[in-house]
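**Q** Using the sequences and the hints given, assemble the complete structure.
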Amino acid sequence: MVDGHRIHRVVGRESEGVTREQAERAIESFRTKAREGRLDLPQGRKAHQSFADAADEYIKRLEESDGKNVPIKRRQLRQHLKPALGKERIDKLTEFGLKKYRKTRRTAGATAATVNREMATLSHMLRCAVTWRWIKAETVPLIPKEPEPAKPIAVLTDKQSTALMRGAEGDQDGRLWLFVAFGLNAAMRHREILAVRYDQIDFASRRIFIPEAKAGQREQPITKALADALERQRAMEADPDGWVFPAIIEKQAKKEHRTNMARPFLRAVVRAGLDPDKVTPHTMRHTAITRLVKAGTDLPTIQRISGQQDAVDDPALYPHPRCPHRRGDRYAQHAFS
Numbered sequence: 000m001v002d003g004h005r006i007h008r009v010v011g012r013e014s015e016g017v018t019r020e021q022a023e024r025a026i027e028s029f030r031t032k033a034r035e036g037r038l039d040l041p042q043g044r045k046a047h048q049s050f051a052d053a054a055d056e057y058i059k060r061l062e063e064s065d066g067k068n069v070p071i072k073r074r075q076l077r078q079h080l081k082p083a084l085g086k087e088r089i090d091k092l093t094e095f096g097l098k099k100y101r102k103t104r105r106t107a108g109a110t111a112a113t114v115n116r117e118m119a120t121l122s123h124m125l126r127c128a129v130t131w132r133w134i135k136a137e138t139v140p141l142i143p144k145e146p147e148p149a150k151p152i153a154v155l156t157d158k159q160s161t162a163l164m165r166g167a168e169g170d171q172d173g174r175l176w177l178f179v180a181f182g183l184n185a186a187m188r189h190r191e192i193l194a195v196r197y198d199q200i201d202f203a204s205r206r207i208f209i210p211e212a213k214a215g216q217r218e219q220p221i222t223k224a225l226a227d228a229l230e231r232q233r234a235m236e237a238d239p240d241g242w243v244f245p246a247i248i249e250k251q252a253k254k255e256h257r258t259n260m261a262r263p264f265l266r267a268v269v270r271a272g273l274d275p276d277k278v279t280p281h282t283m284r285h286t287a288i289t290r291l292v293k294a295g296t297d298l299p300t301i302q303r304i305s306g307q308q309d310a311v312d313d314p315a316l317y318p319h320p321r322c323p324h325r326r327g328d329r330y331a332q333h334a335f336s
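If you use numbering that gives the first Met the number 0, the sequence shown closes out at 336, no skipped numbers anywhere.
Please note that the accuracy of each hint is not assured.
Stated by the list, open to error - For lysine-lysine, the following PhoX-like pairs were computed, each having C-alpha atoms within a straight-line distance of at most 25 Å:
id	residue 1	residue 2
1	Lys135	Lys59
2	Lys144	Lys158
3	Lys81	Lys91
4	Lys135	Lys86
5	Lys98	Lys135
6	Lys135	Lys99
7	Lys102	Lys86
8	Lys91	Lys32
9	Lys254	Lys67
10	Lys102	Lys144
11	Lys91	Lys59
12	Lys293	Lys158
13	Lys59	Lys254
14	Lys135	Lys67
15	Lys32	Lys81
16	Lys158	Lys67
17	Lys158	Lys223
18	Lys99	Lys86
19	Lys293	Lys67
20	Lys86	Lys59
21	Lys81	Lys59
22	Lys135	Lys91
23	Lys144	Lys91
24	Lys81	Lys102
25	Lys158	Lys277
These are calculated hints, taken from the structure and not from any lab test.
Every value quoted in this text rests on a predicted model; they were computed, and no experiment measured them.
**A** So this is what it looks like as C-alpha cells:
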C-alpha cells in the first residue's frame, strides 16, 4: 500500500510452481525494500506530483496546521512560482531552472529581497515535501539566493516611544498597550510576546521562560516597569496562570493565544503620528536593543537578552557570510559600526 493505493506485483503463477509461501516471502521483501527506500515507487504517493499540485496541497496543510505566513506564501505561489514551475515534477526541479526563474523575475523588475522571499517559500515547501515523503532529500536542488543591500534600521526616540505607548493606551484593543510595553522593554519578537503565559514569569527575578524561541528556549530578563505592569494585569485576569494574550473567542481562533497584533499596532502607529511604512512591531525590538547598546551593555548579554542565534562578539563579522540578508545581522552591522 502506498498513499492508500494498492501496488500490484506478479511473482509467478501457481501453475508455474510458485507457492503461497514464496509469494508471502516476496511481499515481506518488498515491504522491507519500501521501508529502506530501495523499492522503485514514489515515496508516499501513487504517482509523481507536479509542482502545481504539490503547492496546492502544501498550502492546504499549512492552513490545517496553523502554519506561518500562509497568505503571503499563497500569493507568492499563485502569482509567480506556480506559473513558472507548475508543470514540472516536484522531484525534478534543478538549480539551473531556479536560477532561470530568478533571472526572469529580476528582469521583470522584482528586487533581490522579493525574489529571496519567494525562494524562502520554495525552500520551506521542499523541506515539507521531504518530511511528508513526497520526494527524497537528495532530489532537492540548491536554492539560489543573492545578497541584499542593507536597509537603514528604524529606531524610535524616547519621545516617539512615549507617543506610541499613548496611542496604544487609547486603542479599543485592551491589550495593545501591554504588547507595546513588551516590545519597548524586553527586545522580544512579535510571536514570542504573544506566546507568553503568566505561569512562565518569575516575578521575583524578573525573568520569563520562553520554551519555543527562534534560537531555542531561553530565559528572558524584563524590566521592573514591565514586571509591575504584568503583575497588575495578572490581578485582573480570570486565569492568573494562563495566557497574557489569550485568543479572542468570537474570532474562533485556532490557537489558545493570539498570534498577530499587526492591525491594532498599525492603529497605534497612526494615532502616534509615526510613519507606518517605517514603524512595525519589529521596530520596538530594534529600539530596545539600541537602548541596551547605548547603556553600555556588553554584547554577549545583549545576545542572550535578544535571543540572537549567532555570536555578536566581533562587529566586523557582520553581515554573517552564511546568511547576508538576515535582519539580525543587518542590525548588528548598523548598531556596532
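**Q** A separate judgement is required for each hint: does it hold in the structure or not?
**A** So, going through the hints one by one against the coordinates:
1. Lys135 - Lys59: It holds: about 21 Å lies between the C-alpha atoms, which stays within 25 Å.
2. Lys144 - Lys158: This hinted pair is violated, its Cα atoms lying about 39 Å apart.
3. Lys81 - Lys91: Answer holds: Lys81 to Lys91 is near 15 Å, not above 25 Å.
4. Lys135 - Lys86: The given pair, whose Cα atoms are some 19 Å apart, holds under the 25 Å limit.
5. Lys98 - Lys135: Holds: Lys98 and Lys135 sit about 21 Å apart, inside 25 Å.
6. Lys135 - Lys99: Satisfied, since the Cα-Cα distance of roughly 23 Å is no more than 25 Å.
7. Lys102 - Lys86: holds, 19 Å
8. Lys91 - Lys32: holds, 23 Å
9. Lys254 - Lys67: Satisfied, since the Cα-Cα distance of roughly 13 Å is no more than 25 Å.
10. Lys102 - Lys144: holds, 11 Å
11. Lys91 - Lys59: Measuring from Cα to Cα gives roughly 22 Å; hence the hint holds.
12. Lys293 - Lys158: Given that 25 Å is the threshold and the Cα spacing comes to 16 Å, the pair holds.
13. Lys59 - Lys254: holds, 17 Å
14. Lys135 - Lys67: holds, 24 Å
15. Lys32 - Lys81: violated, 34 Å
16. Lys158 - Lys67: violated, 33 Å
17. Lys158 - Lys223: holds, 20 Å
18. Lys99 - Lys86: holds, 15 Å
19. Lys293 - Lys67: violated, 34 Å
20. Lys86 - Lys59: holds, 19 Å
21. Lys81 - Lys59: holds, 15 Å
22. Lys135 - Lys91: holds, 11 Å
23. Lys144 - Lys91: holds, 19 Å
24. Lys81 - Lys102: With a Cα-Cα distance of about 16 Å, the restraint between Lys81 and Lys102 holds, given a limit of 25 Å.
25. Lys158 - Lys277: holds, 16 Å
Of the numbered hints listed earlier, those contradicted by the structure are 2, 15, 16 and 19.
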